[in-house]
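Position chain E against the provided structure of chain V, taking the given hints into account.
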Amino acid sequence: MTILSVEALDARHGLLQAVRGVSLALAEGETLALVGANGAGKTTLLRCIAGAHRATAGRVTFAGDDVTALPAHRRVQRGIALVPEGRRLFAGMTVADNLRAAAGRGRAGNWTLERVMATFPQLAPKLHARAGDLSGGQQQAVAIGRALMTNPRLLLLDEVSLGLSPVAVDAVYESLRALLGGGATVVLVEQDLARALRVADRVVCLLEGRVVYTGAARDTTREQVMAAYFGLREGRA
Amino acid sequence: MIFLNQIVQGVLLGGYYALIACSLSFLFGVMRIVNLAHGSLAVLAAFMLFVLADRAGLSPWLGLIFAVPAMALVGWLLQVAVLERSLRSGLLVPLLSTFGLAIVLDNLLFEQFGADTRSLSPYIGDLSFDSWSLTDDITVGRLDVLMLCVAVALLGGLNLFLARTRLGRAIRATAEDPEVVGLIGINAHRVYAVATAVAMALAAVAGAFLAMRTTFDPYSGGAQLIFAFETVVIGGFGSLWGTLAGGVVLGVAQNLGAFISPHLFLIAGHVVFLAALVARVWLSGRNLRWLRVRAA
Chain V
1 MTILSVEALD
11 ARHGLLQAVR
21 GVSLALAEGE
31 TLALVGANGA
41 GKTTLLRCIA
51 GAHRATAGRV
61 TFAGDDVTAL
71 PAHRRVQRGI
81 ALVPEGRRLF
91 AGMTVADNLR
101 AAAGRGRAGN
111 WTLERVMATF
121 PQLAPKLHAR
131 AGDLSGGQQQ
141 AVAIGRALMT
151 NPRLLLLDEV
161 SLGLSPVAVD
171 AVYESLRALL
181 GGGATVVLVE
191 QDLARALRVA
201 DRVVCLLEGR
211 VVYTGAARDT
221 TREQVMAAYF
231 GLREGRA
Chain E
1001 MIFLNQIVQG
1011 VLLGGYYALI
1021 ACSLSFLFGV
1031 MRIVNLAHGS
1041 LAVLAAFMLF
1051 VLADRAGLSP
1061 WLGLIFAVPA
1071 MALVGWLLQV
1081 AVLERSLRSG
1091 LLVPLLSTFG
1101 LAIVLDNLLF
1111 EQFGADTRSL
1121 SPYIGDLSFD
1131 SWSLTDDITV
1141 GRLDVLMLCV
1151 AVALLGGLNL
1161 FLARTRLGRA
1171 IRATAEDPEV
1181 VGLIGINAHR
1191 VYAVATAVAM
1201 ALAAVAGAFL
1211 AMRTTFDPYS
1221 GGAQLIFAFE
1231 TVVIGGFGSL
1241 WGTLAGGVVL
1251 GVAQNLGAFI
1261 SPHLFLIAGH
1271 VVFLAALVAR
1281 VWLSGRNLRW
1291 LRVRAA
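Protein sequences, first through last, are from chains V and E.
In terms of the numbering used here, the first sequence opens at residue 1 and continues consecutively.
In terms of the numbering used here, the second sequence opens at residue 1001 and continues consecutively.
So that you can see chain V by itself, here it is in the shape it has in the complex (with noise of 0.2 Å):
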């Protein structure tokens, strides 16, 4: 069943057409990988199916509804959370207030404060500790517990190895893998396209705001997705 679609999308920043003419759609329970060069649009994407950037034409819609007018904040009562890029914490707030400030404001479900512990056990010790003190990729794992807080159906990842430690990424994809194995739908941006091939079902590459390739990751080569990533011809699908 599709849960997302998105229909001839085109985004905006002033002059600069950052997303043009992209249609993709989500069945419930798939892993989408975006990638592309820097500036081919795939955080405005994100921010435009989260609410956080207003699309200037095309559709998105989600479970049946079109949400394309909703402002952020009801798009995330209806499910679609996003863990921007950055991570974007209230980083004089504690951890705990973080999570809590999330906390019953998205659908119902059984997301709590405990269950993010268990999930990012990194976090347990640091529960009272200023979100803006903590390392990068505890912040990484707060800035997706509070996502996760929302009880989402879809969740949309912007680069969530961006500055951070290969150790530090390999921490937050370890948990992240409970949660991309058990059902949950998810878009993410990653750069490293060894990893996205790996946990992703499938696989859109963008280039100056089109998308060039769209194949599931297993049929998808290194090669293929760096064709299109360049924008050389053979690489297009």
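Some clues are possibly wrong.
To be verified - Looking from chain E toward chain V, a few residues come up when the C-beta cut is under 7 Å (computed):
hint	residue
1	1107
2	1176
3	1182
What the hints assert, rightly or not - Facing chain V, from chain E, some residues (calculated, C-beta under 10 Å):
hint	residue
4	1169
5	1173
6	1175
7	1179
8	1183
9	1184
10	1186
11	1187
12	1188
13	1189
14	1193
15	1256
16	1258
17	1264
Claimed, not checked - Far from chain V, by Cβ distances over 10 Å, these chain E residues were calculated:
hint	residue
18	1087
19	1172
20	1180
21	1181
Everything labelled a hint here was simulated from the structure, so no lab data went into it.
For each residue, glycine too, the CB sits at the ideal point set by N, CA and C.
Just chain E, lined up with the frame of chain V:
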């Protein structure tokens, strides 16, 4: 002993300053909105209470039951009609729009009530002049003590509200990042409106005590704003208990200044304020340098 008395009276005066700065500290420190109409809005509440007392014979305490919700409503409208639009254009625009609002309010009040000075002290009975003698030399006014207690209660209550309640957490989160709260299901517009309503309810209490303690007229707002601002800056941006400390420091400084020479009452307060400001800027400059080193 006279010296000690000056300090005691300074602390009590500080309670009053903390009380009138409460709303400003919340809006300025927590929500990062500089409300230059704060003094005028407090005076507006004072006139509301005066009209209720003068025309309807309602004691100012009972009057607060009406004035607090009325001012909260004013706060809601203020946010929706003025602040929200001006916040969109950066931090400086609310400064201008609230400055303009202060001028409009002052002059509307002047047109309605004229230049007469008024006071709520005739309506609160003995409280306006009664006192307790602590020693032969030190006497404290009951109203002053009450104001200090109310200031502590309001600041403590606000702190608890921000730390423990769901709405308080939403307010802190929105102050830190109004865009990201949308991504966790919080309607930032509504949070801003609620916070401004809370701030105006506090301004109503400030106006009540301003009017009970002394006289006021339509242009009293400006002077109140200066003391409230100095209190917030001395106490530290965003710290509610700091506001209480700031009020006490300002009150004691003014009283000690007056003890040396009566002319020094205001100057001593301003000097402490400037010293605190310079110290803060200097310290934050050092912190920024330290941060740059760490980031590199």
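These are the hints, each one checked on the structure:
Proximity of residue 1107 of chain E to chain V is violated relative to the hint, the smallest CB-CB distance being about 38 Å (cut-off 7 Å). Given hint, residue 1176 of chain E at the interface with chain V, holds; its Cβ is 4 Å from that chain's nearest Cβ, closer than 7 Å. This hint holds: residue 1182 of chain E has a C-beta 4 Å from the nearest C-beta of chain V, less than the 7 Å allowed. Hint status for residue 1169 of chain E: holds, given a least beta-carbon distance of 5 Å to chain V, under 10 Å.
Proximity of residue 1173 of chain E to chain V holds as hinted, the smallest CB-CB distance being about 4 Å (cut-off 10 Å). Hint status for residue 1175 of chain E: holds, given a least beta-carbon distance of 9 Å to chain V, under 10 Å. A hinted interface residue such as residue 1179 of chain E counts as satisfied when its beta carbon comes closer than 10 Å to some beta carbon of chain V; here the least separation is about 7 Å, so the hint holds. A cut of 10 Å between beta carbons decides the hint on residue 1183 of chain E: the least distance to chain V is about 5 Å, and the hint holds.
Checking residue 1184 of chain E against chain V: minimum C-beta separation of about 4 Å stays under 10 Å; hint holds. With its C-beta approaching chain V no nearer than about 6 Å, residue 1186 of chain E sits inside the 10 Å limit, and its interface hint holds. About 5 Å separates the beta-carbon of residue 1187 of chain E from the nearest beta-carbon of chain V, less than 10 Å, and the hint is met. Hint on residue 1188 of chain E holds. Least Cβ distance to chain V is approximately 8 Å, under the 10 Å limit.
This hint holds: residue 1189 of chain E has a C-beta 9 Å from the nearest C-beta of chain V, less than the 10 Å allowed. The restraint placing residue 1193 of chain E at the interface with chain V is violated, with a minimum CB-CB distance near 14 Å, outside the 10 Å limit. Checking residue 1256 of chain E against chain V by beta carbon gives a least distance of about 35 Å; that is not within 10 Å, so the hint is violated. With a cut of 10 Å, the hint placing residue 1258 of chain E at the interface with chain V is violated, because the nearest CB-to-CB distance is about 38 Å.
The interface hint given for residue 1264 of chain E is broken, as the beta carbon of that residue sits about 38 Å from the closest beta carbon of chain V, more than 10 Å. Distance check on residue 1087 of chain E: its Cβ is at least 16 Å (rounded) from any Cβ of chain V, clearing the 10 Å threshold; non-interface status holds. Separation of residue 1172 of chain E from chain V is inadequate, the least Cβ-Cβ distance of about 6 Å not exceeding the 10 Å criterion. A cut-off of 10 Å between C-beta atoms contradicts the statement that residue 1180 of chain E is not in contact with chain V; the least separation is 5 Å.
Not every beta carbon of chain V lies more than 10 Å from that of residue 1181 of chain E, the smallest distance being close to 8 Å; the non-interface claim is violated.
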